[in-house]
Amino acid sequence: FTLYAYGEKFAIDHGSGNISKQSESHNIVFVDGAGQHNAGHSIGTDGRIESYLLSDFADYVMGDATAAYTTYSEFNAPGWPFSWCDWSWGYVGANPVLHARRRLFVVRDAGTPPFFIITDDMDKDGSVHEYEWRLHTLKNNTVDISTNPIRIGAASADLDIHLLFPDFSETTLSTEDYFNEVMDPNSTLLKVAYNGVNPRFAALLFPFDATVAEPVVSREIHPWGYVCRLDWGGGVRDVIIGNHSGGTVSWGPDSLLTDASVAIVRTEDAHVIRHLLVDATVFAYDGVDHVRFFDASATCALDGDVVQIDRGDAVFSLLDTGIEGIECRGESIPFVSAAGYLFSESVVASEGAPVPQALSVSVYPNPFNPTVFVRIETTTGSRVRVSVYDASGSRVGELMDATTTTNVTTIRWDARNRSGKPVASGIYFLKVSANGYARTEKLVVVR
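For the sequence shown, the numbering used here puts the final residue at 502, and the numbers step up evenly by one.
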């Protein structure tokens, strides 16, 4: 990849030159000091665009370079493209890997300056190796590797590289002068080295100049991956989740829940206004389901009043936040509306069966003293769980965990905790979950 911004060259790539420098001259990941297969000069190695999604909020592309590390290109096979062709001189230098996938995200919503996320999911063979994330920058630029973010300084702008994963303290950083042996300008090579298995490098790149207001950036490492938060001011926040677990994870006081491998969620005053979800089946925020894919995972983006999905045949439900269209690669996807959600037409059986009913919850009276009634509407035979939490997030009581016998269930809470003692006046939260949906209602106890 290359990155030029605000008139400066921050990440540069060198043209073809000495055969021995085919990998060394590019911004890729090395394993044990070696890069991709050396096919020589313009002789290409295999790589492909595996998936992508474009939206007004953010663009995403994933490239699979597994074959580029592992073997020479099929187009360099003997006798291709002519019977007399012999490329055997370029068959040396393979660096076999189990997989090598690079994901690039460009967040370019008009409300904030653009920023970039690059992730590299590479595994040599399931054992420990030295992985080295490499970036070439223009020789005249300065590179400060003393802190996270790493800062590349140019004459009129800067680039902050926030290392999101692995933890900055577990990496070894270095720079060196690089002579590329071609007419392109020479560079300073930045190296971020990590010894381990499948390091899953992730970096946020934020270029800026004197006219750009930087966000407040915070980073967290979790057993399942990482979280990065960008606070832009004015109530606008981006949350980036890298989920390496392969399952569903939850984060933060707003209970952002998803099984997406990467999720970028923009909120304004604690309301979701944009998102990009990669390979997801579920996304919920503050106890409310926003996205469900029922048949298989999909990549999708909400960019205002339009949702982009990478599969036209996806079976979905989407929270209706004023959505006017659902598209796949520029083609409209038909949908129906019911109970505050938008459903793919494929959810409705061909015989005209009704759209699956979303979970509906209402409480009354509220505020109350001492009793509140909870009305739950869902499909008969659903397992429903109802819990109450205080303002600190501690569970106060479990009101229901049972299977319904009708589509409407009403229960009551007498404002008592699990020990049967009256709770104090204040704000509490009722969480109801059923059929993969969840709803949260705020309760006010007045003594």
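Misleading hints may appear alongside valid ones.
To be verified - Derived DSS-like pairs: lysine-lysine, alpha-carbon spacing no greater than 25 Å straight-line:
1) K179 with K76
2) K486 with K476
3) K179 with K64
4) K497 with K486
5) K246 with K179
6) K64 with K76
7) K76 with K194
8) K76 with K246
9) K246 with K194
10) K194 with K179
11) K64 with K246
Everything labelled a hint here was simulated from the structure, so no lab data went into it.
Verification of the hints:
no., hint, verdict
1, K179 with K76, "21 Å, holds"
2, K486 with K476, "20 Å, holds"
3, K179 with K64, "32 Å, violated"
4, K497 with K486, "9 Å, holds"
5, K246 with K179, "18 Å, holds"
6, K64 with K76, "21 Å, holds"
7, K76 with K194, "18 Å, holds"
8, K76 with K246, "16 Å, holds"
9, K246 with K194, "15 Å, holds"
10, K194 with K179, "31 Å, violated"
11, K64 with K246, "18 Å, holds"
Hint compliance for this structure: hints 3, 10 are not met, and every other hint is.
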